[in-house]
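A.B. asks: Sequence:
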Amino acid sequence: MMIRSTYLNFYMYWQSEPPSAQDLGTRTHSDSFPITVIDKGEILKMSMKGEEIDADKVRFEMQKQGYDHIKDIAYAEYGEDGTRFISYRERERKTERSLEI
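With UniProt numbering applied, the sequence shown covers 1 to 101.
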């Protein structure tokens, strides 16, 4: 049973369980979790789900974004929906200093 107000929609339930997303008229999203493919500059051989990770695909995506070395990447993940996230490492620059005596 729904009672409409000018500002809020109130839903009344006579059962002890909370309303579902369908009851509230909202969309639901699937429970998808990202798959970590690079951590601390190393390609993971197996994902958290136990599936093989295609290292060639990871390298291709990395090179497409301008990085040639896995060690330059701190963390990378693929979402089940095809999205990807890559976090790059900050490289320390070594500078030479000449000392005058």
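If you are wondering where the hints come from, they were derived from the structure by calculation, not from laboratory data. Backbone N, C-alpha and C define an ideal beta-carbon position, used for all residues, glycine too. Fair warning: there could be bad hints in the mix.
Restraint-style ranges between C-beta atoms, simulated for each label pair [said to hold, decoys possible]:
id	residue 1	residue 2	range
1	T36	K64	18 to 24 angstroms
2	G25	K57	38 to 44 angstroms
3	G25	D72	44 to 50 angstroms
4	G41	E80	43 to 49 angstroms
Within a straight-line C-alpha distance of at most 27 angstroms, the following computed DSS-like cross-link-like pairs (lysine-lysine) qualify [to be verified]:
id	residue 1	residue 2
5	K45	K57
6	K45	K71
7	K64	K40
8	K71	K57
9	K40	K57
10	K71	K40
11	K64	K45
A.B. asks: Each hint should be assessed against the structure and marked as holding or not.
C.D. replies: Tested hints:
no.	hint	in the structure
1	T36 - K64: 18 to 24 angstroms	19 angstroms, holds
2	G25 - K57: 38 to 44 angstroms	39 angstroms, holds
3	G25 - D72: 44 to 50 angstroms	46 angstroms, holds
4	G41 - E80: 43 to 49 angstroms	24 angstroms, violated
5	K45 - K57	13 angstroms, holds
6	K45 - K71	15 angstroms, holds
7	K64 - K40	20 angstroms, holds
8	K71 - K57	16 angstroms, holds
9	K40 - K57	18 angstroms, holds
10	K71 - K40	7 angstroms, holds
11	K64 - K45	21 angstroms, holds
The structure fails to meet hint 4 from the earlier list, while all remaining hints are met.
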